[in-house]
Amino acid sequence: MPDSISWRLATVAALRDETPTVRTFTLRIPGWPGHRPGQHVDIRLTAEDGYSVERSYSIGSEPERAGEIDLTVERIAEGEVSSFLHDVVVAGDRIEVRGPIGGYFAWDAGLGGSLFLVAGGSGVVPLMAMLRHRARVPSPPSASLIFSSRQYEDIIYRDELELLAARDDRLRIAHTLTRSQPSGWTGYTRRIDQAMLGEAVAPLGNGVRAFICGPTALVETAANALLRLGLPADRIRTERFGPTGT
Amino acid sequence: MNANGVVNQGDDAMADRVGSGPAEDHVLDGNALAGRLAAVFGADVTATPGQCAHCGTVTVVGELRAYVRAPGAVLRCPACGGVVLRIVETPEATIVDARGAAQLRFERR
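Protein sequence lines, in the order shown, are assigned to chains G and V. Going by this note's numbering, the first sequence opens with residue 1, and the numbers climb by one from there. Going by this note's numbering, the second sequence opens with residue 1001, and the numbers climb by one from there.
It is worth saying that the hints were derived from the structure and are not from the lab. Careful: at least some of the hints might be erroneous.
Claimed, not checked - Label pairs and their in silico Cβ distance ranges:
#1 V/Thr1094 / G/Leu9: 13 to 23 Å
#2 V/Pro1091 / G/Leu229: 44 to 54 Å
#3 G/Gly198 / V/Gly1042: 35 to 45 Å
#4 V/Gly1082 / G/Thr46: 33 to 43 Å
#5 V/Gly1042 / G/Gly187: 22 to 32 Å
#6 V/Ala1053 / G/Ala66: 36 to 46 Å
#7 V/Cys1055 / G/Asn206: 43 to 53 Å
What the hints assert, rightly or not - One-sided excerpt, in silico: chain G residues whose CB lies under 7 Å from chain V:
#8 Ser56
#9 Gly102
#10 Tyr104
#11 Phe105
#12 Ala109
#13 Glu239
All residues carry an ideal CB built from backbone N, CA and C; glycine is no exception.
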């Protein structure tokens, strides 16, 4: 059986709060074969009575970090796995992990072309792996991220995204806050739509590869808008996140 | 064509689906089942094209709609909604019902 399909035991090496409801878990995994940005892992929790439950979580870290990965997990009120991860897990705990998984929603700099990323909420996680990887390669392609969050406090990776954009002329990041905005907010204030996507994708020219990750409604809206803007269907990859991914 | 290589009934039909409320938000896609499917097929199948036995549409497995809030998981065709694959895990076995898949195409590498 290939390495990526067998379960292995990971150790929780560190925890970091990203927002009031989102936490990053660094997992150290002996024999980790490495991943492509955009891929995910399955997590399996097993109770003493044998009851076990699996969930998928995207990898947020870049493959250049050997032997460990970051999972960024949103706490879902009724999610038995996300609640466990947030409320129970501490550094030093061990968790079963299977992966990396998924070759469809994956990107690395070797693919060529510019990169257009559209994220809603925790859908930013696999896209962050792409941006972090992109920041580690020589002469990276142009890239643009449109990121929809409910409010300012909910913007996952906010400081790091700001830093990445500030030191990179070829990376543009636009935020939209759909529920409430702080005073002086200069970003968008509406749900992602075709006009917003058009403004961001135009400067990237031809040869764009688009990756869209978020709740189903956002993914469908963005994917169909990009088609109307002229992107070929085979250059648009989507991944739907939902409360079931808890 | 939409992003899944599927011919839509038109923008209005899509708008209906997009606006259909919280139930739609529970729909994931084949990427969410990639681990379970890889354990069955022995390789990643998210980029594997599959043909719906109901309507003939070809969609990569990662783009099938996944319904996972049930005992087992159901993957449906994004074009017609027909069930393409069902996966049920019991303590003894993983059961794959593939009668909705006319074919899956595995490229020789």
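Checked hints:
1. V/Thr1094 / G/Leu9: 13 to 23 Å: Once the Cβ atoms are compared, 22 Å apart, the range 13 to 23 Å for G/Leu9 and V/Thr1094 holds.
2. V/Pro1091 / G/Leu229: 44 to 54 Å: The hinted range 44 to 54 Å holds for V/Pro1091 and G/Leu229, with Cβ atoms some 49 Å apart.
3. G/Gly198 / V/Gly1042: 35 to 45 Å: 42 Å, holds
4. V/Gly1082 / G/Thr46: 33 to 43 Å: The hint (33 to 43 Å, Cβ to Cβ) holds, given that V/Gly1082 and G/Thr46 are roughly 34 Å apart.
5. V/Gly1042 / G/Gly187: 22 to 32 Å: At roughly 46 Å between Cβ atoms, G/Gly187 and V/Gly1042 fall outside 22 to 32 Å, so the hint is violated.
6. V/Ala1053 / G/Ala66: 36 to 46 Å: 44 Å, holds
7. V/Cys1055 / G/Asn206: 43 to 53 Å: 33 Å, violated
8. Ser56: 5 Å, holds
9. Gly102: 4 Å, holds
10. Tyr104: Check passed: Cβ of G/Tyr104 comes within 4 Å of chain V, closer than 7 Å.
11. Phe105: G/Phe105 check passes; min Cβ-Cβ to chain V is 6 Å, inside 7 Å.
12. Ala109: 19 Å, violated
13. Glu239: G/Glu239 check passes; min Cβ-Cβ to chain V is 5 Å, inside 7 Å.
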